[in-house]
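Chains G and R, in that order, are what the protein sequence lines are. 59 is the number that this note's numbering gives to position 59 of the first sequence; each next residue is one higher, with no gaps. Heads up: take any position in the second sequence, counting from 1, add 1000, and you land on this note's numbering.
These aren't lab readings, by the way, just hints derived from the structure by calculation. C-beta: ideal position from N, C-alpha, C; glycine also. Don't take every hint at face value.
[Unchecked claim] Label pairs and their computed distance ranges (CB to CB): (1) Q1070/R - D97/G: 34 to 42 Å; (2) D1093/R - C23/G: 29 to 37 Å; (3) R99/G - T1146/R: 19 to 27 Å; (4) E78/G - L1081/R: 34 to 42 Å; (5) E88/G - Q1070/R: 30 to 38 Å; (6) E1089/R - R99/G: 38 to 46 Å; (7) R71/G - S1111/R: 44 to 52 Å; (8) Q1070/R - S92/G: 30 to 38 Å; (9) S109/G - P1018/R: 43 to 51 Å; (10) E78/G - G1033/R: 12 to 20 Å.
[Claimed, not checked] Below, simulated DSSO-like cross-link-like pairs (lysine-lysine); rule was C-alpha separation at most 30 Å, straight line: (11) K95/G - K51/G; (12) K1046/R - K51/G; (13) K95/G - K1102/R; (14) K1102/R - K1046/R; (15) K95/G - K1046/R; (16) K1135/R - K1046/R; (17) K1135/R - K1102/R; (18) K1135/R - K51/G.
These are the residues of each chain, in order.
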Amino acid sequence: MTKPPPITPLTLNLAPMVDVMMCLLIFFMLATKMVEQERTRIDLPTAAEAKEPLRTEAGRFVVNIRSENGRPVYMLREELHTLASLLEQLHSAAKADARMTCLIRADKSVSFADVEAVLAECARSGVRGVQFGALQGESRG
Amino acid sequence: MKRRGFPPAHAAVPNLAPMIDVVMVILIFFMLGTSFAVTEGQLSAKLPSQIGPGSGSKVAMVPTVRIYLQADPGPRGFRILVMGTALTEGTFDSLAGMLAQKRRDGADANSPVQIGADPTVRYEHVIAAMDACTKAGFANLQVVVTSKGPATINQSS
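Looking at chain R on its own, in the form it has when it is part of the complex (with noise of 0.2 Å):
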């Protein structure tokens, strides 16, 4: 018997399309978060026994090239010196440039470029001038530290 004044019953058939343009949003949003944390890199360095145990007895401290940053009060605040001598260009264009002079003129690959620079050097700096070695192809880097390094530092939080 059909009944009246009722409207027939729907099937319930929930509708997932909305759903899934959400999911999919929210989805690819996840994707690309994740992806761009991946684009961190790493520059390896060595570091050469002048402190510690077994003090510059087992690595031959015969560098290549040694690289100082030196704290400068210039517009640059600092100075690249390259075997004591400041770069007159002072750039770390022009200090990858001469590096891969050197390596064209037969410095190994491997022999190891000493890194050092003034504590108030900034650290971007350091990263910088180590790029600069990978660039001209020096493979086997060296961070200088000194023994007087820690008791430099005020303890911080």
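If we strip away everything but chain G, and leave its shape as in the complex, we get (with noise of 0.2 Å):
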């Protein structure tokens, strides 16, 4: 009589879940600092209509506009900028690229002179397509 095969215990190999795991970990906390870097944290005002925005739309300028104890605080991702040294940034890069849009990120508490002179810049400069960040959800009001 033959005698039948050992039986191999039963184990789960832990080790690749665990190899996966952490690749997707890094992966989420990479993607969450590159998040904050390029979106400066700002009090957004809401908007019911607000869009998603387009992933493939290339040439875009992005300015941050702080309110810190009422007076506005101008930011090119976290850079801190002087009005006029945002306004020949945005000047330079308007003649750099013709078809370049901008985003305006700003708190909903700065008032409108502040986003103004953005938009005003903008204007002279040749960009006419400008974009509002504003956070999905009902506006008051």
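Now that you have both chains on their own, put them together as the hints suggest.
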């Protein structure tokens, strides 16, 4: 009589699962960091009709305007700028790319004059397409 | 030969279950955090060429509706003027209703709607006015800027 083959104990190999989870974790950690760098924390106004931004849109100049103690603080990504230097950068970017559009992300508490300064430079530099950042939701008032 | 006085050596198998628990929690946290960041949207508008190169020559300036937010000392801080006349109710819901009525009366969705505001009006109210126009079905929004705009702004850090 032949002896049956020895039964190997059933053990779950968790190493590949840990590998995959670690990869996912690192991906999300890096992605979150990138989102923070691109989009400064700003108390945006809400708008029910705000559309998802087009991912294919190229040549977009993003201006962040934050309100600090009632005064506007202008930023390109995380970098602080005076209004004059920001407008200068906007002007040279518009000269380099004729089809450039401008995304303005401003605190809801800033006055229209603070945004109008950027809009006026856009008009002067020939930038006609302007987008305003807003959170999707019902606007107040 | 069996050694006495020593416990039997255990096989070195690390217990991965607590680590997986922690990694799962962190993973879920980052997944949810990333999805929160995507809820930001945009309202698109065009700048009429009143200032800048080729002033007024390229864009036909025949707006169907002209909306202006005028600074007001009242509790709201602004008044909504449509074609120069103040809305009696003065809310953005009433503005959206009035614009929707214009659309029902045959106004073209692509006809330009001009939005302007006094410099002291809060930016969120301008966005709310744009939102009301988009809600009513107008797609061609134009933000009016005055040429004096930057000159009146103080430099800030």
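Now for the hints, and whether the structure bears them out:
Our hint of 34 to 42 Å for Q1070/R and D97/G holds, since their Cβ atoms are close to 36 Å apart. A hinted range of 29 to 37 Å is violated for the C-beta pair D1093/R and C23/G, which are about 49 Å apart. Roughly 26 Å separates the CB atoms of R99/G and T1146/R, a value that falls within the hinted 19 to 27 Å. Our hint of 34 to 42 Å for E78/G and L1081/R holds, since their Cβ atoms are close to 39 Å apart.
For E88/G and Q1070/R, the hinted distance range of 30 to 38 Å is satisfied, since their beta carbons lie about 32 Å from each other. A hinted range of 38 to 46 Å for the beta carbons of E1089/R and R99/G is consistent with their spacing of about 41 Å. Between R71/G and S1111/R the beta carbon distance is about 38 Å. The supplied range of 44 to 52 Å is therefore violated. For Q1070/R paired with S92/G, a C-beta distance near 35 Å keeps the hint of 30 to 38 Å intact.
Evaluation of the 43 to 51 Å hint for S109/G and P1018/R yields a pass: the beta carbon distance comes to about 46 Å. E78/G and G1033/R have their C-beta atoms about 18 Å apart, which keeps the hinted 12 to 20 Å range intact. Note on K95/G and K51/G: the hinted pairing holds, with a Cα-Cα distance of about 28 Å set against a maximum of 30 Å. With a CA separation close to 16 Å, the supplied pair K1046/R and K51/G stays within the 30 Å bound.
Simply put, K95/G and K1102/R have alpha-carbon atoms about 39 Å apart, too far for the 30 Å limit, and the pair is violated. Proximity of K1102/R to K1046/R is assessed by CA-CA distance (about 21 Å); at most 30 Å being required, the pair is judged to hold. This hinted pair checks out: K95/G and K1046/R have alpha carbons roughly 18 Å apart, not beyond 30 Å. In summary, the hint linking K1135/R to K1046/R is supported, as the alpha carbons are separated by about 17 Å, within the 30 Å threshold.
At roughly 12 Å between alpha-carbon atoms, K1135/R and K1102/R fall within 30 Å of each other, so this suggested pair holds. Note on K1135/R and K51/G: the hinted pairing holds, with a Cα-Cα distance of about 12 Å set against a maximum of 30 Å.
Of the hints listed earlier, those the structure fails to meet are numbers 2, 7, 13, in rising order.
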